[in-house]
Amino acid sequence: MRFGGLFAVNDLSFSARPGDITAVIGPNGAGKTTLFNCITGFYKPQVGRITLNHPSGPILLERLDDYVITAKAGVARTFQNIRLFARMSVLENLIVAQHNALMSASAFSLAGLLGLSRYAGAERRAVERARHWLDKVGLTSLADEEAGSLPYGHQRRLEIARAMCTGPVLLCLDEPAAGLNPRESAELNRLLLDIRDENGIGLLLIEHDMSVVMEISDHIVVLDYGRKIAEGAPAAIKADPAVIRAYLGEPDEEEAG
Amino acid sequence: MEAKTARTLLVDALLGGLVAAAMALPMLGVRLEDSANGLSLSGRLDWVAWAVGIVAGGRLLIGLLRLLLAGRVPSPPAPPRAVMAYVGWAMVAFALVLPFLPFSGRNLVDKATLVLIYVMLGWGLNIVVGLAGLLDLGFVAFYAVGAYSYALLSQTFGLSFWVCLPLAGLLAATFGMILGFPVLRLRGDYIAIVTMGLGEIIRVVLQNWQDVTGGPNGISGIERPSLFGLSFKMVPPEGKQTFAEFFGLEYSADHRVIFLYFLILALALLTNLFTLRIRRLPVGRAWEALREDEIACRSLGINPTLVKLSAFATGAMFAGFAGSFFATRQGFISPESFTFIESAVILAIVVLGGMGSQIGIVLAALLLVGLPEWFRELQQFRMLAFGGAMVLIMLWKPSGLLSTREPTIRLKDTS
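Residue numbers (this note's numbering), protein chains in the order written: chain A, 1 to 257; chain B, 1001 to 1415.
Note that these hints are calculated values from the structure, not bench results.
Here are the in silico distance ranges between beta carbons for each label pair:
no., chain 1, residue 1, chain 2, residue 2, range
1, A, G121, B, T1174, 32 to 38 Å
2, A, H132, B, Y1086, 34 to 40 Å
3, B, F1246, A, L110, 33 to 39 Å
4, A, H208, B, G1188, 28 to 34 Å
5, B, L1227, A, K72, 48 to 54 Å
Because the structure is a prediction, the values reported are computed rather than measured.
Ideal Cβ positions, reconstructed from N, Cα and C, are used throughout, including at glycine.
Isolated chain A, as found in the complex (with noise of 0.2 Å):
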């Protein structure tokens, strides 16, 4: 991915498997983010390819629209800086990620706005899922407040429950631990473990906490200028001299502590 003359993103390859938590980490502005949009079809990438291994057999993300790459391959994203229907309510934000199944079980609407019961059957479906995913992101007691009322650790979680309402099977989180206390930091980490061991999907993860990181993730992968300078097991990552250096400079440079 480039950007100007600037590559964000250069030579980089690595893969991510289901049933993984794999993280994504690296020094700021390493292009963590960029290449999370080049995933998710926000950004398109000039050269290069991503293919996901869907169940229904593989697909050339880099050719799709951000939307469709959610719909038909089954990706799914939350932001760095949360972005929640603000001013609808829990419920609404976890019904309105189901909007596809509902919209072809409505025929576009029409089938609800004559009241047939196919849609209500349907929407009680959506209810039932997005109540599943209350419960586990623990919200299930503030389903009808506002989105944008609720605290900080909150919206990290409902914006990850709404991804999980979408279906999907892979979910890119970017910096989910993001301004939350050390305690939500550990129901987080909860969360995403309960993700991946009983949805079997793969998720995809950037972070900055290294207690997140290093605990949760199966797999890490280490970015620095664009290029992956390390793969490998948390372990492996920690103890790796490439590692070390891009995270704490250069021996030789002035900021070296």
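Take the given structure of chain A and dock chain B to it, following the hints.
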């Protein structure tokens, strides 16, 4: 602290006065006079001074009032939804009996009809602006498309109002889609600018396409609607009965006025019912989600193009219905009726009503269209009252008269 607030107040008032001076100097300050040796300019600085004085004084007064009243007048709590539902039903009931009340006459029913046209337009635009969050300043174009569709279809093919009504809605919706395309990539204020331009384009086309639209002369002698074939004319067309004959009443021109009133009431209620229903359906929820955050919508697999176009088309369809009604009520249409100011008034109704609030829009329409009609005696000061009312509402309730949003689904109701 005291001195500081006093200073801010004064500075505020002075700034207001300065702006007023800048505006008033060219508009009020200079006067063209027809003198013996041709035209000459004469100053009217006293008028400018008055304008500056009124604005600066008013600003100071508002500032002082706000300071004095701060914290003392609690803003009224949002009425619970049960109360709002009762208010809604009461309004419908009142609207139904209005023509038969002792104090109501032809004049009142006629004015109520006009208000209802704007209520319907407000509800239509509310779909685009209030729900989907697309700031549409060219809404009147679809109103015009509806009006001209009916007029032309009825005059060219002799179709009746009831056949033309859905056709006009369909045509307007198509135009909504076509005009929706250029603004798909735009956001916020840019949408407003482009839709405003597109609205003007439609009007200019109507004005200049002499062969089809009659140009600035408009179209006259538009067929009036009938009730299941019963005409409201004094002398019915060949082979038709009149309404009065059929029911054994004495002919009165009031019948048609009342009929038109009920017609627009039914159309407006249809719009309202549609909006209330669609809000609970996937399309309606997607509209609201789009208003909240387009990028999040994309990340959930929602196709923003479809969502935007459906909002534009639906809003336009209701404007098309209203347009047909307008054409059949007036019996004459010309591009004059579809100027930008109409779009602005409709948008003002939606914004003042509190974006997305159905009852708020009725109140705002009464305030912005009804009041000026009643105060016609004030003549040119009507617009001053209009502006004053807008300023007052924005000071008192910056987010509109009724701006609380009801969730479209509640977890506790579904179990």
